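Participant: If you want the building blocks of each chain, they are given just below.
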Amino acid sequence: MTSYALFLGCTIPARQPHYELSARKALPKLGIDLVDLDNMTCCAPPPLQSIDLETSLAIAAYNICLAEEADLNIVTLCTGCFESLAMANTMLKENNELRERINKILSNAGKEFKGSKEVKHYLQVLMKDVGLEQVKSQVTNPLNNLKIAAFSGCHLLRPSKLLRFDDPERPRIFDDLIEALGSESIWYRNKLKCCGGLLRGYADDLALQIAKEKIVNAKKAGADCISTLCPFCFVALDMGQLQIRAKFKEEYDMPVLHYAELLALALGIEPKELALESHKIKTDKLLQKIV
Amino acid sequence: MTYEEKSVSSKFSDEIRHRLGGETIAFCYQCGTCASSCPVAKVTDKYNPREIIKLSLLGARKEIVAGDTIWLCCSCYNCQERCPQEVEIADVIYTLRNIAIQEGNVPDIYVAFAEGISNEGRIVPVSKFAEKKREEYGLPPIKPANMDALRKILQATSFSKIQFKKGEAQ
Amino acid sequence: MSEVKVGVFLSDCGKQLSKILDFDAIIDFVKNVSGVTYVARGSEFWRGQGLQTIVDSIKTGKVNRVVVAESVSKISEITITKAVEEAGLNASLVDVVDLKDHCAWPHRDAPSEATEKAKAMILASIERVKLLEPIEKLEFPTLKSVLVIGGGIAGMQTAEDLADMGFEVHLVEKESFLGGLAARAVRFFPTDDCAICIQSPTSDLKTVTNTSRKCVYRSGFSEIPNINILTNSKVVKVEGVPGNYKVTIEKKPRYVNEKKCVGCDLCTTVCPIEVPDEYNAKLKTRKAIYINTPLVYPPVYVIDAETCKFNECAKCVEVCPTNAIELNQKTEQITLDVGSIIVATGFKEYDPSVIKEYHYGEYPDVITHLELARMIDGFGPTNGEIIRPSDRKPAKRIVFVQCVGSRDRRWNPYCSSICCMISLKHATLIKEAFPETDITICYIDIRATGREHEYYYEKAREMGINFVKGRPAEISHDPEEKVLTVDVEDELLGRLLELKADLVVLAPAMVPAEGTKELAEILGLELDQDGFFKEYNPKLRPTETKRRGIFLCGGATFPKDAPTTSLHAHSAAVKTAKFLTKGKITKYQKTAVVNEDYCGDCEFCPVTCPYGAITLVPKDEGHFVAQVSDLLCEGCGVCVGTCPVGAIELRHLRPNQISAQMKALLSVNGTSKPLILAISCSECGNAAVDSSGMAMMQYPANIRVLKVPCAGLLQVQQIFEAFKTGAQGVMVIGCKPDGCHYEVGSEKAKRKVDLAKILLKEYGIEPERLEMFNMVYIEGDKFAETARKMTERIEKLGLLQLISS
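Chains as they are written, first to last, in numbering that gives the first Met the number 0: chain F, 0 to 290; chain V, 0 to 169; chain E, 0 to 804.
Please keep in mind that the hints were generated in silico from the structure rather than gathered at the bench. A quick note: this is a predicted structure, and the numbers were derived from the prediction, not measured. Glycine is no exception: its CB is placed at the ideal position from the N, C-alpha and C atoms. Among the hints, erroneous ones may be present.
[To be verified] Using 30 Å as the maximum straight-line C-alpha spacing, the simulated BS3-like pairs for lysine-lysine come out as follows: (1) Lys146(F) to Lys481(E); (2) Lys468(E) to Lys45(V); (3) Lys246(F) to Lys142(V); (4) Lys284(F) to Lys132(V); (5) Lys279(F) to Lys127(V); (6) Lys735(E) to Lys218(F); (7) Lys103(F) to Lys92(F); (8) Lys132(V) to Lys103(F); (9) Lys28(F) to Lys151(V); (10) Lys151(V) to Lys103(F); (11) Lys219(F) to Lys577(E); (12) Lys24(F) to Lys142(V); (13) Lys245(E) to Lys577(E); (14) Lys131(V) to Lys281(F).
[Stated by the list, open to error] Residues of chain F placed beyond 10 Å of chain V at every Cβ, according to the derived structure: (15) Thr10; (16) Leu52; (17) Arg188; (18) Gln242.
Turn these sequences into a full structure, and let the hints guide you.
Facilitator: As structure tokens, this is what we get:
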């Protein structure tokens with residue numbers, strides 16, 4: 000077993016039990032031990048970066064310090080958390096001046112960022128620690144008939160200079176992991192473009208227009224579902240469809256599933272254990288296709 | 000147009016360049032790669048990252064800081080990724096937002112985020128209902144954030160100096 | 000050695016100087032200096048009667064050392080040295096001291112102080128000439144032959160010039176055919192004439208007319224008697240010295256005898272192997288035996304060794320009517336002796352596939368300009384039709400994208416300078432041939448800066464070519480609609496456009512040719528920050544390199560259009576001819592010399608020498624000593640400053656001469672201010688001293704200037720010596736670090752000064768008494784101001800207390 004400090008963030012535990020459940024059930028099956036650390040705070044994502052970049056770096060660094068103290072690398076489910084923490088981790092590791100500046104702030108809380116740990120997204124863990132072949136071999140319920148529109152979300156890939164996750168213009172990791180489950184990861188227009196999720200709450204109309212385009216493109220390309228990694232993308236595309244229906248009078252009925260959910264299903268975990276009822280767009284028809 | 004609006008100055012871009020996130024703004028040579036990469040600019044003509052950079056470079060501080068365009072960035076980093084001059088555009092926009100917020104232009108939703116951080120250490124509050132649901136699903140109880148440590152950190156940064164009030168934004 | 004007899008010749012510049020300086024007092028002083036046998040005063044000594052006085056005094060045996068007080072601004076050093084040599088005295092036994100610009104003019108407000116300084120200056124000069132030794136004139140023979148590397152338009156033109164002038168020229172081209180990039184470019188802007196058109200040889204060949212231009216294949220280029228063309232060849236080793244290089248060339252087999260092939264094309268009709276034709280952008284295939292186009296030189300087929308089955312097949316051998324095919328040819332090593340080398344390796348298109356958002360290499364309908372040029376070529380793979388490669392249907396909508404990988408800090412930060420014009424050229428050529436084609440150029444800035452280039456841009460607009468100011472974010476391909484979409488903002492409208500295109504043409508950055516780095520290593524040449532060959536000086540010596548005898552031309556130094564390449568090529572030819580034409584290099588042995596007994600083979604000097612003039616040679620029992628090449632040494636003395644044991648000296652400025660000058664300069668003060676020694680280099684540093692004097696900028700006479708060839712010569716102990724000899728402060732004045740005449744000297748001097756400051760502090764001496772300054776000629780005001788400020792600074796510090804040792 001490889002142990003990781005699980006960084007859950009704010010949205011998943013508060014709003015998306017289906018994501019947390021599927022991850023907590025699927026990852027240990029592949030030899031990943033998830034450790035819940037005490038005291039973790041918000042990751043300091045874009046909304047907080049918008050308020051103050053320095054504060055955000057300090058908060059992100061504080062959380063990394065907790066993992067350093069526990070001698071564990073961090074794994075995140077949420078791509079937003081991944082971005083905030085991984086970005087801070089790289090910046091502080093590579094920029095001495097900045098590290099000193101942030102450590103001065105952290106010293107008030109009795110912490111010091113040392114730069115001894117990694118921040119990983121769980122896809123990286125699946126790819127590097129588990130391995131594609133191992134994932135494939137553990138699949139008991141291959142999702143053979145599915146055409147999946149992979150949507151990694153912006154913050155898994157960009158800014159690539161700091162995140163170093165995958166090629167930002169030609170990513171493969173997510174698609175390979177989808178295909179490892181037996182499904183087809185399909186091309187659709189503007190696949191790498193944003194879902195508009197971060198505009199929700201400030202400019203909802205624009206956010207919906209952007210989300211709508213993503214759903215339309217996935218639909219046009221024949222997707223059975225969209226697969227996400229980020230809870231904000233999930234809300235933008237899942238809940239978003241109800242709002243699109245209200246606003247544009249257009250119905251798409253495009254299920255949106257987190258990759259962890261697809262993984263759990265492929266590993267043979269029962270759908271009823273996964274809180275799939277938390278989805279706004281129902282997944283029943285999709286499940287029928289799998290079985 | 001006022002005199003300020005008709006003239007230009009490098010004062011604002013100097014201010015930006017000396018702040019965290021704003022260091023690269025002056026590399027911009029206005030090629031427009033950011034604008035054509037931007038998913039928001041695609042759906043509204045109210046937002047154009049190239050114009051924001053240009054206005055900032057030429058010193059339109061008031062227009063930028065008090066205006067609402069900087070809040071329309073969706074932080075997707077497409078522009079930053081492709082900028083041939085390596086202008087960290089998304090970061091520059093964070094910097095502009097930081098300046099705006101320090102000057103009292105705080106959109107309501109950011110007031111909510113700030114309250115979440117200050118009160119619970121998380122931007123999304125956990126409802127009683129959610130906690131009950133978690134129990135039903137067999138999920139472990141949410142571990143509280145270390146508010147003592149967090150407050151000390153916030154106290155040491157400019158966060159603590161910002162006035163967060165709803166309905167204040169211009 | 001015969002008795003030293005110093006003649007001192009004092010010019011009062013038509014009595015202008017004697018208005019300030021007390022010449023009678025100076026003469027009285029000089030007469031009493033030991034070794035002085037003759038003193039003369041005159042109006043000027045650098046020409047006419049004055050110069051004759053010097054000559055006569057030498058001829059009559061009155062003097063055998065010469066000190067002349069004369070303004071250097073009158074090129075006096077050159078004329079006096081020449082006259083002295085003609086009078087039979089060794090030219091190095093002369094010293095010129097500038098009483099005008101270094102003394103009378105800058106101190107005109109304090110005549111008596113100036114007079115005392117003048118005495119010190121002349122004394123220093125006398126003491127130096129007494130120690131000078133005769134310096135020999137050396138001759139090094141040079142060969143009248145040249146190696147030109149690269150057979151594009153630069154290499155061909157420079158080769159043609161030199162061959163025409165009578166030099167033996169070896170032209171080495173790594174490809175199988177001459178012409179380089181130009182041959183593929185088809186037509187040149189702004190004249191739209193054929194790219195293969197070159198200036199034809201103007202030699203006296205009867206077969207060649209004297210017209211100014213010819214197609215390369217009928218130019219007679221190859222028939223110039225003293226030109227030797229080596230295709231399929233590359234330089235693998237270069238040894239020797241300027242004027243005498245031994246070059247090793249590796250010539251890959253062509254498998255076709257150049258002297259027998261008649262170009263009948265029968266071989267390709269029987270060759271069974273078909274591969275994509277790289278030369279033609281893979282828009283067609285070619286056989287394993289092939290020729291690029293019918294219009295190439297040499298008009299001889301070549302076998303592609305990677306795909307040919309050789310004796311397993313040998314169908315071409317059977318069919319060849321002249322038995323030209325020789326499958327048993329082997330790689331040859333050729334050695335050449337040449338006097339000089341010209342690098343004309345050019346540039347190439349950058350591979351734009353790294354800019355992934357443009358999908359070059361993935362979408363077949365996204366191509367580069369060089370690939371488009373092959374379509375425009377009537378002899379090309381599409382016979383002049385502009386098609387989309389994916390389905391070979393005519394391209395009706397074409398979008399050009401500028402600055403692909405250039406002006407891009409992620410890939411190549413510089414502007415490749417010719418791509419805007421290439422796009423305008425291709426757009427107008429296509430529009431002329433197919434007026435219904437819709438062409439859009441997406442640009443950041445249109446750079447049409449050359450002669451007639453703006454008219455070209457104007458013409459493109461008139462023809463209806465669309466211009467969108469904006470750099471596209473992305474090129475996407477819709478597999479259903481089979482069309483490309485270019486996402487771009489037109490900034491002038493502030494509008495986001497989605498341009499539909501059948502064909503997208505990228506204008507990639509132009510980068511150094513393949514193998515540039517390796518060749519630079521072989522030749523010992525430097526590359527610039529962008530990877531191009533670095534010239535000696537971009538303004539003054541644009542075709543020369545730090546390695547004497549090796550020259551550069553064409554795109555090897557930066558992307559160039561054809562006219563500029565031509566200019567550069569002809570210029571390189573002139574410089575090369577100038578270097579070789581006398582058949583020898585003549586120079587004074589003003590070089591460094593190693594005392595082998597002290598040399599500790601530490602490798603400091605060979606590494607530091609900016610000219611590669613010093614090598615370590617075995618002496619005895621594994622002991623190595625440094626050896627200076629008199630040919631390569633430029634006499635700067637940077638090695639002297641570097642040697643930790645003082646084992647290396649300049650013949651023309653030995654340490655005892657510096658000591659003697661220091662002592663003399665600091666022997667008389669005459670002012671109430673603390674004496675400051677200003678050690679200046681003879682280049683920019685001294686020029687700043689000159690110009691401050693010429694402009695009569697005033698600074699106090701306590702400043703005493705000691706001139707050395709380069710500030711890099713300075714040793715830390717010399718700085719201490721200055722203090723011990725009586726200097727209260729020391730200024731070191733060198734060129735700007737990036738403008739040092741000897742590359743590294745100024746920077747080395749700075750390090751010495753920094754080190755000396757640390758040591759001074761250790762000894763309890765204020766480090767502020769020592770400072771380094773960098774100045775150029777136009778900064779005379781800066782010198783005067785610095786001298787004044789330094790004086791104030793030292794005055795504040797008070798008298799220097801040295802513990803007597």
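Participant: Each hint should be assessed against the structure and marked as holding or not.
Facilitator: Okay, the hints, checked on the actual structure:
For the suggested pair Lys146(F) and Lys481(E), the alpha carbons sit about 22 Å apart, so the restraint of at most 30 Å is met. A hinted pair counts as satisfied when its Cα atoms are at most 30 Å apart, and Lys468(E) with Lys45(V) qualifies at roughly 20 Å. Proposed proximity of Lys246(F) and Lys142(V) is contradicted: the alpha carbons are some 38 Å apart, above 30 Å. Between the alpha carbons of Lys284(F) and Lys132(V) the distance comes to roughly 25 Å, so the proposed pair stays at or under 30 Å and holds.
Proximity of Lys279(F) to Lys127(V) is assessed by CA-CA distance (about 21 Å); at most 30 Å being required, the pair is judged to hold. Of the pairs offered as hints, the one joining Lys735(E) and Lys218(F) is violated, with about 66 Å between alpha carbons and a cut-off of 30 Å exceeded. A threshold of 30 Å between alpha carbons decides the hint, and for Lys103(F) with Lys92(F) the separation of about 15 Å falls inside it, so the pair holds. Simply put, Lys132(V) and Lys103(F) have alpha-carbon atoms about 40 Å apart, too far for the 30 Å limit, and the pair is violated.
The suggested pairing of Lys28(F) with Lys151(V) is violated, with an alpha-carbon distance near 40 Å, which exceeds 30 Å. Proximity of Lys151(V) to Lys103(F) is assessed by CA-CA distance (about 12 Å); at most 30 Å being required, the pair is judged to hold. Straight-line distance between C-alpha atoms of Lys219(F) and Lys577(E) comes to about 72 Å, which puts the hinted pair past the 30 Å bound. Annotation: proposed proximity of Lys24(F) to Lys142(V) holds, straight-line Cα distance about 19 Å (limit 30 Å).
Under the criterion of a C-alpha separation no larger than 30 Å, the hint pairing Lys245(E) with Lys577(E) is consistent with the structure, at around 20 Å. In summary, the hint linking Lys131(V) to Lys281(F) is supported, as the alpha carbons are separated by about 23 Å, within the 30 Å threshold. A cut-off of 10 Å between C-beta atoms contradicts the statement that Thr10(F) is not in contact with chain V; the least separation is 5 Å. The beta carbon of Leu52(F) sits about 5 Å from the closest Cβ of chain V, which is not more than 10 Å, so the claim that it is off the interface is violated.
Against chain V, the non-interface label of Arg188(F) holds: every CB pair exceeds 10 Å, the least being about 12 Å. Against chain V, the non-interface label of Gln242(F) holds: every CB pair exceeds 10 Å, the least being about 15 Å.
Hint compliance for this structure: hints 3, 6, 8, 9, 11, 15, 16 are broken, all remaining hints hold.
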